[in-house]
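S.K.: Chains as they are written, first to last, in the numbering used here: chain A, 1 to 181; chain B, 1 to 181.
Calculated from the structure, these hints are not laboratory results. Any given hint could be a false lead.
No copy is singled out in the list; a pair is fine if it fits within one copy or between any two copies.
[As the list claims (entries may be wrong)] Derived lysine-lysine pairs resembling BS3-like cross-links, with alpha carbons at most 30 angstroms apart:
1) K134 / K25
2) K73 / K25
3) K96 / K73
4) K96 / K25
5) K25 / K122
6) K122 / K134
2 protein chains.
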Amino acid sequence: MTRGPPGFCLWLTGLPSAGKTTIGKILIERLAARGWYAELLDGDEIRRGLSADLGFDRASREAHAGRVAFVAKLLARNGAIPIVALISPYRSSRAKARAEIGRFVEVYVSTPLAVCEQRDVKGLYKRARAGEIKEMTGIDDPYEPPEHPEITVDAVGRSPAESADYVIGELERTGWMPTAR
Amino acid sequence: MTRGPPGFCLWLTGLPSAGKTTIGKILIERLAARGWYAELLDGDEIRRGLSADLGFDRASREAHAGRVAFVAKLLARNGAIPIVALISPYRSSRAKARAEIGRFVEVYVSTPLAVCEQRDVKGLYKRARAGEIKEMTGIDDPYEPPEHPEITVDAVGRSPAESADYVIGELERTGWMPTAR
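Excised from the complex, chain A in its bound form (with noise of 0.2 angstroms):
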């Protein structure tokens, strides 16, 4: 006796080291204390479960998005809230996942480069700086940046309790989701 409101999909999409985990993580407690199952997607992780087989290039990032939006389907129709942490670079795949999904919630995480890179939170832009790694996102492969996200977090001036505060609001004040009493 499990069916309730209808699940959707929040996609976080920005640079590495934007916030988009960390925010998943308090937006994966605050959905849950709100009584939503809710399933954090997060890029590591998932690839292990999904995606052991495939690289960085171009044609498999996409083809790793494509799965994401598939699994993240299937959970939103099933009253769940996924919530993909994901770097997921080229608009036509989050248009692909957009598309796939219908319920589709894209949240931009927008910290400029310069900051992420600061962060550097798995040391990934020393690396790619360095020449150890190709294929970074910033550096030598291109982001291409939402044009319409549905949210828009400005993660810097933030803490990322507040960012996930911030969403939760507006996913309330959109009618995603109803205000809590």
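Knowing the structure of chain A, use the given hints to seat chain B on it.
M.R.: Structure of chain B alone, referenced to chain A:
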């Protein structure tokens, strides 16, 4: 406010043309009528979504079963009932799926080879016998029947609807599902 009773995975295994997909579709209807979110993860559709890159050799089948198990885990832990309809011929793949998913009900659709070959829903047995396709489970690729499935469905003497109802009855009897009022 959608959190309800925990989900679990129904994993239907059996030879090609055993009746897995047909029974799975009816199970979806039965579960939906009882208010559950249920999702059929059927061989062909989910291959397009997750594993367009994979063939039918042993390594590919195992990789595919691993991806399906990953998705089934996500659905089940978000309160839905994924129904996997997959030949999944190897005991090792099914054991891995069981370990990953946790709440796992293995359903063996035990239709014997001779009956499956006579049905030959997709014409694959005929093509395999003619040597037009290779790696056909039951012909030139092994099928390892479950040793201790939670449920065995003898789909030969029953209609697909009767088989589905038998599965539902077994789920009620063993406590996986509340008895319908």
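S.K.: Hint by hint, work out which the structure violates, then give me just those numbers in ascending order.
M.R.: Per hint list: zero violations.
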